[in-house]
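**Q** Given next are the chains, with one letter for each unit.
2 protein chains.
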Amino acid sequence: MLIIITYDVSTVTAAGRKRLRRVAKVCESTGQRVQNSVFECKVNQMQLEELERRLLDEIDKKEDSLRLYRLTEPVELHIKEYGNFQAVDFDGALVI
Amino acid sequence: MLIIITYDVSTVTAAGRKRLRRVAKVCESTGQRVQNSVFECKVNQMQLEELERRLLDEIDKKEDSLRLYRLTEPVELHIKEYGNFQAVDFDGALVI
Numbered sequence: 001m002l003i004i005i006t007y008d009v010s011t012v013t014a015a016g017r018k019r020l021r022r023v024a025k026v027c028e029s030t031g032q033r034v035q036n037s038v039f040e041c042k043v044n045q046m047q048l049e050e051l052e053r054r055l056l057d058e059i060d061k062k063e064d065s066l067r068l069y070r071l072t073e074p075v076e077l078h079i080k081e082y083g084n085f086q087a088v089d090f091d092g093a094l095v096i
Numbered sequence: 001m002l003i004i005i006t007y008d009v010s011t012v013t014a015a016g017r018k019r020l021r022r023v024a025k026v027c028e029s030t031g032q033r034v035q036n037s038v039f040e041c042k043v044n045q046m047q048l049e050e051l052e053r054r055l056l057d058e059i060d061k062k063e064d065s066l067r068l069y070r071l072t073e074p075v076e077l078h079i080k081e082y083g084n085f086q087a088v089d090f091d092g093a094l095v096i
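Protein chains in written order, with our numbering: chain A, 1 to 96; chain B, 1 to 96.
Next up, chain A with everything else stripped away, as it sits in the complex:
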């Protein structure tokens, strides 16, 4: 399945900036960065649970916001992209 992860991490404090880096790192290990705070991750159910667990370990629930959206197959019919980034290789490096 394809999961879209979006997050807002408060960067007012050094601790916040550290959280932001760590959240990005977890996402990067699993999926493809498509915007500053948006990742697309192709995962199975077990990988999704692991990803969620790792993300929840990093964020501060009082300060940050984390959203996961699950797209239905075929994902090509559910994504439109415009502008200076075109995601590619959904079946390649995206798979963890």
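Derived from the structure by calculation, the hints contain no laboratory data.
Be aware that one or more of the hints could be misleading.
Heads up, the list lumps identical chains together, so a pair's fine if it works in one copy or across two of them.
Here are the simulated lysine-lysine pairs, DSS-like style, with alpha carbons at most 27 Å apart [as the list claims (entries may be wrong)]: (1) Lys18 / Lys62; (2) Lys42 / Lys80; (3) Lys61 / Lys80; (4) Lys80 / Lys25; (5) Lys25 / Lys42; (6) Lys42 / Lys18; (7) Lys61 / Lys18; (8) Lys62 / Lys80; (9) Lys80 / Lys18.
Keep in mind the model is a prediction, meaning the values are calculated, not measured.
Chain A is fixed; fit chain B onto it per the hints.
**A** The following block gives chain B in isolation, referenced to the frame of chain A:
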């Protein structure tokens, strides 16, 4: 249908910051802001086409990135939210 709109608008220049404000304004007129650059919009096909047209009028395709994700019903099964924002009222103010 529920559309997730995410965007990265380059804010290096004053023109970029202006575009960012205008993109946000278009999104706010149609949906609910759930993160800094993430909106959830409940629209029908005609409204979606109008929304896309307005957004494409605002962005600079060389500088900015705009992505639209379409969620399948029931959307509650395809969204998970954690942290300091909980979207509400999907059937209220969201509808344009």
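**Q** With identical chains treated as interchangeable, where does the CA-CA distance between Lys62 and Lys80 reach 27 Å or less: within a copy, between copies, both, or neither?
**A** Answer is between; shortest inter-copy Cα gap is 16 Å, intra-copy 32 Å.
**Q** At most 27 Å between alpha carbons: which applies to Lys61 and Lys80, within, between, both or neither?
**A** between (30 Å within a copy, 14 Å between copies)
**Q** Up to 27 Å between alpha-carbons, please classify Lys25 paired with Lys42: within, between, both or neither.
**A** within (16 Å within a copy, 32 Å between copies)
**Q** Within a copy, between copies, both or neither: where do Lys61 and Lys18 come within 27 Å Cα-Cα?
**A** For Lys61 and Lys18, only the intra-copy Cα distance (15 Å) is at most 27 Å; the inter-copy one is 31 Å.
**Q** Using 27 Å as the alpha carbon limit, work out where Lys42 and Lys18 are close: within a copy, between copies, both or neither.
**A** So Lys42 and Lys18 pass the 27 Å test inside one copy only (25 Å; across, 34 Å).
**Q** Can you give me the call for Lys18 and Lys62, within, between, both or neither, at a CA distance of at most 27 Å?
**A** Answer is within: at 16 Å inside a copy they meet the 27 Å cutoff, but 30 Å across does not.
**Q** Evaluate Lys80 and Lys18 at a C-alpha cut-off of 27 Å and name the case that applies: within, between, both or neither.
**A** Classified as between: cross-chain Cα gap 23 Å, same-chain 32 Å, threshold 27 Å.
**Q** First find the shortest C-alpha distance between Lys42 and Lys80 inside one copy, then the shortest across copies, and answer within, between, both or neither for a cut-off of 27 Å.
**A** both (17 Å within a copy, 16 Å between copies)
**Q** At most 27 Å between C-alpha atoms: does Lys80 with Lys25 qualify within a copy, between copies, both, or neither?
**A** Close inside one copy (25 Å) and across copies (20 Å); limit 27 Å.
Of the hints listed earlier, there is not a single one the structure fails to meet.
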